[in-house]
Amino acid sequence: MGNCSQGCKDYFSRQKNTNIRLTLPVVCFVWQIAMIILFGVFIRYDKESNAHWVETKAHDNITSDIENDFYFRYPSFQDVHVMIFVGFGFLMTFLKRYSFGAVGFNFLIASFGLQWALLMQGWFHSLDPQTGKIFIGVESLINADFCVAGCLIAYGAVLGKVSPVQLLVMTLFGVTLFAVEEYIILNLLHARDAGGSMVIHTFGGYYGLAISRVLYRPNLHQSKRMQGSVYHSDTFAMIGTLFLWMFWPSFNSAITDHGDGQHRAVINTYLCLASTVLTTVAISSLSQKTGKLDMVHIQNSTLAGGVALGTAAEFMISPYGALIVGFFCGIISTMGYIFISPFLEKTLKIQDTCGIHNLHAMPGVIGGIVGAITAAAASESVYGKQGLINTFDFTGDFKDRTVLTQGGYQAAGMCVSIVFGVVGGAIVGSILKLPIWGDPADENCFDDEVYWEVREPSVMFCSYPNRSESNFSVEHCES
Amino acid sequence: MGNCSQGCKDYFSRQKNTNIRLTLPVVCFVWQIAMIILFGVFIRYDKESNAHWVETKAHDNITSDIENDFYFRYPSFQDVHVMIFVGFGFLMTFLKRYSFGAVGFNFLIASFGLQWALLMQGWFHSLDPQTGKIFIGVESLINADFCVAGCLIAYGAVLGKVSPVQLLVMTLFGVTLFAVEEYIILNLLHARDAGGSMVIHTFGGYYGLAISRVLYRPNLHQSKRMQGSVYHSDTFAMIGTLFLWMFWPSFNSAITDHGDGQHRAVINTYLCLASTVLTTVAISSLSQKTGKLDMVHIQNSTLAGGVALGTAAEFMISPYGALIVGFFCGIISTMGYIFISPFLEKTLKIQDTCGIHNLHAMPGVIGGIVGAITAAAASESVYGKQGLINTFDFTGDFKDRTVLTQGGYQAAGMCVSIVFGVVGGAIVGSILKLPIWGDPADENCFDDEVYWEVREPSVMFCSYPNRSESNFSVEHCES
Amino acid sequence: MGNCSQGCKDYFSRQKNTNIRLTLPVVCFVWQIAMIILFGVFIRYDKESNAHWVETKAHDNITSDIENDFYFRYPSFQDVHVMIFVGFGFLMTFLKRYSFGAVGFNFLIASFGLQWALLMQGWFHSLDPQTGKIFIGVESLINADFCVAGCLIAYGAVLGKVSPVQLLVMTLFGVTLFAVEEYIILNLLHARDAGGSMVIHTFGGYYGLAISRVLYRPNLHQSKRMQGSVYHSDTFAMIGTLFLWMFWPSFNSAITDHGDGQHRAVINTYLCLASTVLTTVAISSLSQKTGKLDMVHIQNSTLAGGVALGTAAEFMISPYGALIVGFFCGIISTMGYIFISPFLEKTLKIQDTCGIHNLHAMPGVIGGIVGAITAAAASESVYGKQGLINTFDFTGDFKDRTVLTQGGYQAAGMCVSIVFGVVGGAIVGSILKLPIWGDPADENCFDDEVYWEVREPSVMFCSYPNRSESNFSVEHCES
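Protein chains in written order, with UniProt numbering: chain A, 1 to 479; chain B, 1 to 479; chain C, 1 to 479.
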C-alpha cells in the first residue's frame with residue numbers, strides 16, 4: 001500500500017495545491033482569538049442565566065424557578081442542536097467517500113458559525129444601548145444554531161467541491177448576511193418567521209446555489225466515479241434524515257410564543273411532515289420503471305414539509321392546512337430532484353450536490369408564500385383578539401397593523417431573503433474563486449483523501465486505474 | 001455490471017410481479033387525500049394549542065404558561081418519536097441487505113399510521129359530542145405514535161417478505177383494530193396500561209405473528225443467503241436498540257399522571273431495563289459453546305424489560321420489583337430466541353423475522369400479568385388514599401372499584417388484546433394473501449433490490465452464482 | 001468457510017483460554033440477584049416519585065405538579081443517558097473490528113454499574129438515618145449515570161484488551177471507589193463539581209490508565225493488524241462523538257441549581273466546546289505534512305472542552321472565559337494525541353487504546369484547576385450576596401467559608417481524585433491480572449471474534465495469512 005498511497009498523493013496534487021497546512025490553522029486560530037476578544041468586550045449572561053437571578057426573581061415576583069425561560073426552551077434547543085450537528089452532518093454522508101468531510105466540516109463550520117452568530121445577531125437584535133453589551137440566554141443559543149443552519153444548507157450545494165478554508169469563509173460571510181437580512185425581515189418589516197422558511201431556508205438555499213454557480217466546474221464529470229452513494233453511506237444518511245425529520249417540530253417551535261404558540265407549531269409541523277412522506281414515496285415510485293423507490297428522494301424530499309411550514313407553523317393554519325402544505329411539498333420537492341436538478345446543472349450551470357434547491361430553496365419560497373397567505377387570512381374569530389396580537393406581535397409601533405398589511409410584509413420579507421441569498425452568494429462566490437483557498441481539482445472532488453488522513457484508500461481508484469479489476473472496490477485495504 | 005443488473009432484474013421477476021408502480025402511488029395519494037378531507041372535517045386544535053389559550057388561562061386561573069400540558073409532555077413525546085422512527089427503524093437494519101426497507105418502509109407506514117391513528121383514536125376516545133370534532137394536543141400525538149408502534153412491531157414479523165403496499169394495508173387495519181381494542185381495554189374495562197404492555201406490545205406482537213402465519217412461505221429457505229446479518233448491519237441495528245432502550249423510560253411515562261406518576265414510571269423502567277441487560281448477557285453466553293455472545297440477543301432481548309413494565313411502570317411496584325421483572329424478562333426473551341423461535345417456525349409455521357414473539361408478544365403478556373398482580377396487590381397504605389384514586393383513576397363510574405376487581409379487569413384486558421391480535425391478524429393476513437400486492441418471490445425475500453434503486457448490487461448473488469468466488473461478497477461494485 | 005472458522009477458533013485458543021461460558025453468566029446472575037436483594041432492603045421512591053406526592057404537595061404548599069423536580073431534570077437526564085450508552089458506546093467503535101465489544105460491553109457494564117451506583121451513592125450521600133433507607137428520584141438516576149461514566153472512561157484505556165468479566169470487575173470496584181472519592185470531595189471537602197471534571201473525568205481517567213499500566217502487554221504489536229480504523233468504523237465513531245458533544249451542556253448542567261445555575265452551565269459548556277473544535281482542527285492540520293485532518297483528533301479532542309468545564313460550568317466564568325478554556329483544551333488534547341500518547345506507551349508502558357489521557361485525564365485536571373481559580377476569584381459583586389451562597393452552597397457548616405478557602409478545597413479535591421484513580425487503579429489492575437478472567441491473547445486483542453458470534457469472519461486474517469491476497473480484507477465472507 002505504500003506505493004499506492006504515494007501514487008494517490010502525487011495524483012491528487014498534480015494540478016491544484018490542496019495543501020491547507022498553513023491557511024486552515026491560521027484561520028482557525030486567528031478567528032477563534034478574535035471571538036474571544038469580541039466576546040470579552042460584548043457578551044454577558046442575561047438576567048435569567050446570571051447568578052443575580054435570585055434578586056431578579058424577587059424583584060419581578062416570580063414564584064418558581066421553573067418560570068426561567070430555560071425550562072420553556074431547553075428541550076427544543078437540544079433537539080435543534082442535534083439537527084445542526086447530527087442531522088445536517090449525517091444527511092450529507094450519502095456520498096460513497098465523503099463522510100468525513102460531510103460530518104467533520106459540518107462540525108467545524110457550525111462550531112465557528114455559532115460563535116460569530118451570537119455576536120452578529122446580538123449586535124443587530126439585542127445590543128443593550130445603555131451598557132453596550134449583548135446579554136445571552138438559551139434563546140440566543142437557539143438563534144445562533146438557526147443562523148448556522150443557513151450556512152450548512154449552503155454547504156449542501158458545494159459539498160465535496162470546496163476546501164474547509166473556503167467553507168469557513170463562506171460561513172463568516174453567510175452569518176453576517178444572515179444577521180442583516182434577519183434584522184430587515186423580522187425587525188424592520190416585522191414579518192413573522194419562527195421556523196425560518198424565509199430567513200433560514202430561502203436565504204441559505206439561494207446563497208448556496210449562487211456560490212455554486214460562481215464556482216461552476218465544467219469538468220466535474222472527471223470525478224464522476226466518486227459521485228453517488230454506496231449501500232452503507234445511504235444508511236448513514238438516513239440517520240441524518242430521521243433526526244432532522246423527527247426534531248423538526250422542535251425547530252419550528254423553538255422560539256415561538258410560550259404556551260399555545262409552541263404547542264401549535266409542534267402539531268402543525270408533525271402533521272405536515274407526515275403528509276410529505278407519503279407524497280414523496282408516491283412520486284419517487286412513479287419515477288421508476290418498476291415502481292422502485294430512490295433513496296435520494298426519501299432522504300431529502302420527506303423533509304420539505306418542515307421547511308415549508310417554517311413561517312406558518314405558529315399560525316392557526318389548522319391541522320388539515322398543515323397536511324395540505326405537506327402534500328404538495330412532497331410532490332414538488334421530489335419532482336425537483338427528477339426534473340429541475342438536471343435542468344439547473346445543464347442549463348443554468350448550477351451544480352447542486354445535495355439538491356438544496358429542492359429541499360430548501362423551493363420549499364422555503366413555498367413556506368414564505370404560505371405564511372403570507374395564512375397571515376393575510378387571519379381573523380379575530382379564529383385567533384381571538386389577544387391571540388391575534390400575541391401571534392403576530394401587533395404591539396408597539398405595529399399595534400395598528402392589519403392582517404392584510406401583515407401578509408404584504410410577509411411577502412416582502414420573502415423577497416428580501418431571496419435577494420440577499422442571490423446577491424450575497426454571487427459576491428461571496430467571487431471571493432471563493434480566488435486561487436488561494438486550496439480547493440480540490442475537478443478529478444479529486446467528493447474524495448475524503450484530499451483533506452483527511454484515510455487509513456485505507458479506496459483501492460480501485462488508484463492501484464488499478466485501467467484494469468477490469470477496478471470494478472471492485474475492495475473496501476478494507478491493509479497497509 | 002450492465003449485464004449483472006439486467007440479469008438480476010430478470011431473476012427477480014421470474015415468478016412474481018413486484019412492480020408496484022401503480023399500486024404504491026395510488027394508495028399513497030388516495031389515502032393521503034382522504035386524510036386531508038377527514039382532518040378538515042374532524043380535527044381541531046385543543047384549547048391548549050389554540051390561540052384562544054390566553055382566554056382559557058384567564059378563565060381557568062392558570063397563572064403561568066408553563067402549566068400548559070405541552071411542558072409536561074413534550075420532552076417525552078420527542079423521545080417516543082425517536083423510538084418510533086430511529087428506534088424501530090434501525091433495530092430492523094440487522095439484515096445484510098434490507099436496511100433501506102427496514103428504515104424506509106418503517107418511515108412510510110409510521111407516517112401514514114400516525115395520521116390515521118389521530119382520527120381513529122379521536123373518534124373512539126375524544127370525539128366531542130357537541131361539536132362533533134376531535135381536539136388534539138401533544139398527548140394526542142403521543143398516543144398516535146403509540147398506536148403506530150403496534151403496527152411497527154407487526155412489521156418485524158414480516159420484515160423482508162412483504163411489499164410496501166401490503167405494509168400500508170397492514171397499517172390501515174392495524175391502527176383500526178388498535179383503536180377498538182384500546183377503547184375496550186382502557187375505557188370499557190377501565191384497565192390501566194400507560195406504557196402499553198397489552199394494548200401495544202401484546203396486540204402488535206400477536207397481530208404480526210398471525211399475519212406471518214397466514215403468509216407462511218414454505219420455500220423461504222430459497223432466500224437463505226440474504227438472511228442473517230453482516231458486521232456493519234449489526235452495528236447499525238445497535239443504534240436502534242440503544243435508542244429504544246434509552247428512551248423506554250419516556251415511553252412508559254409519556255402519558256402517565258403529571259408529577260409522581262411520570263417520575264415513578266421513569267425510575268421503574270430505567271431499573272427494569274438495566275436488570276434485563278445482565279440476564280440477557282448471561283443466557284446468551286450460556287447458549288454458546290465458548291460463552292460467546294450473540295448480537296441477536298443483545299439487540300432484542302435487552303429491551304424485553306421495557307415491554308414487560310408497560311402496564312405496571314406507573315404503579316408502586318417498588319424499585320426491587322422492577323429489577324425482578326427485568327431479571328426474568330431477560331431470561332425468558334433470550335431463551336425464546338434460542339428455543340421458541342425455531343419451534344414456532346418448524347411446528348407452527350410462523351416465520352418471525354425479527355423474533356417479535358420474544359421481544360413483544362411474550363414480554364407483553366408478562367407485562368399484562370405483572371400489571372394485574374400489582375394492581376390487585378395495591379393498598380391504601382402504600383399509595384395513600386388519594387394516590388390510589390389518582391393512580392388507578394377510581395373516579396366517576398369507577399369510584400367504588402376495589403383493587404382486586406381492578407386486577408381482574410387488567411387480566412381481562414390482557415385477553416382482549418391477545419384475541420384482537422390473533423383474530424385481527426388472521427383476517428388481515430388473508431387479505432394480504434391476495435395476489436395483487438406485489439410481494440416478492442420466495443427467493444427474493446430480504447433483498448432491497450426488489451423495491452429500491454440500489455446503486456451497487458451485491459455482486460456475489462448474481463454474477464457468479466456457481467463459482468467459488470461467490471464466497472466473496474464484494475461490497476462496492478462500480479458501474 | 002467451515003475450515004476457516006475452525007482454524008480461527010484453534011488459533012484464538014492457542015495460548016489463552018477465552019472461554020467465559022462459566023464466569024460471565026455466573027457473575028451476571030449472582031450480581032444481579034445481589035442487586036435485587038440490596039434494592040429490596042435499601043431502595044425506596046423519594047417523596048416526589050411516591051404516590052403520596054399528592055399529600056406532600058398539600059403539606060408543602062406546592063401549587064403545581066410542574067414543580068416536581070422531575071420537570072427540572074428529566075430532559076437533562078435523558079441527554080446524559082444518551083451520552084452514556086450511545087455516546088461512550090459509539091465513540092469506541094472506531095476500531096475496525098471491535099464495534100460489538102465497544103457498544104455491547106459498554107451497554108453491559110453501564111447497566112450493571114448504574115444499579116451498583118444507586119446503592120453506593122445512596123449509602124454515602126442519602127441514606128436516611130431514621131429509616132435506614134435510600135430514597136431515589138430523577139437526580140439519583142443522573143448521579144448513577146455520572147458514576148458509570150467514570151468506569152466507561154476507564155474502559156477506553158483497556159478497550160480490546162480485556163474480557164467482559166474483567167470489565168464487570170473493573171466496574172464493581174470503580175463504582176465503589178467513585179462513591180468514596182465523591183463523598184470525600186463533595187461532602188467532606190465541600191468542593192463543587194457539578195459536571196465532574198474531578199470526580200468523573202480525572203478519577204476515571206487515572207483509574208483506567210493505572211489499570212492499563214498494570215495489565216501492560218509487551219507483545220501487543222502482535223495484534224497490530226486489528227488496531228486502527230476503517231472508513232465506516234470512523235463514521236460510526238462520529239455518532240458517538242457528536243452525541244457526546246451536543247449533549248455535554250446537559251451533562252454539565254444536569255445537577256446544578258434550578259434556574260440560573262442550569263441555564264449558565266449550559267451556555268458556558270456550549271461555548272467552550274465550540275471553541276475547542278476550532279483549535280483541535282488547527283493543531284490536527286498542523287500535525288500533517290499537507291495539512292490533512294486526522295479523525296482520531298476530531299473524534300476525541302473536540303470533546304476536551306466539555307471535560308475541562310465540568311467544575312466551573314456553573315460558576316460565573318463568563319462567556320469569554322469559557323471560550324478561553326476551550327481554546328487551550330483543544331490545543332493540549334490534540335497535542336496529547338500527537339506527542340504524549342506515544343511517550344506514555346514507550347516510556348511509561350501505558351497502552352491507552354482510546355487516548356483517555358488526552359480526552360479525560362489531562363482535561364479533567366485542567367478542569368479542576370480552572371474550577372479552583374474561578375472559585376477563588378468569585379466575588380459578591382459578580383454573584384450577588386445570595387448568588388454566591390447558592391452557587392457555592394455556603395450554608396450549614398460551611399456558611400463562613402470564604403471563596404479563597406473554597407478555591408483551596410477545590411484544589412484539594414483535585415488531588416483526592418488523582419490519588420483515588422492511581423492507587424485504586426493499581427490495586428484493581430493487580431486483581432485483573434489473575435489468570436482466571438478469560439482475557440484474550442496478545443495476538444487476538446481488538447478482535448470481536450473472541451467474545452462474539454461473528455457471522456462473517458474477516459477473511460484476510462485467517463484464510464491467507466502469508467499471501468499477498470491478504471492485503472484485501474473482503475468484508476462479507478459467505479458461509
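A few of these clues could be false.
[To be verified] Selected chain B positions facing chain A (in silico; Cβ < 8 Å):
| no. | residue |
| --- | --- |
| 1 | W53 |
| 2 | F85 |
| 3 | T347 |
Worth flagging that the hints you see were computed from the coordinates, not collected in a lab. C-beta atoms are modelled at their ideal positions from N, C-alpha and C, and glycine is treated no differently.
Hints, verified against the model:
Using the Cβ-Cβ criterion of 8 Å, the hint placing B:W53 at the interface with chain A is satisfied: the shortest such distance is roughly 4 Å. Given the 8 Å rule on beta carbons, the hint for B:F85 holds: about 5 Å separates it from the nearest Cβ of chain A. The beta carbon of B:T347 comes no nearer than 35 Å to any beta carbon in chain A, farther than 8 Å, and the hint placing it at the interface is violated.
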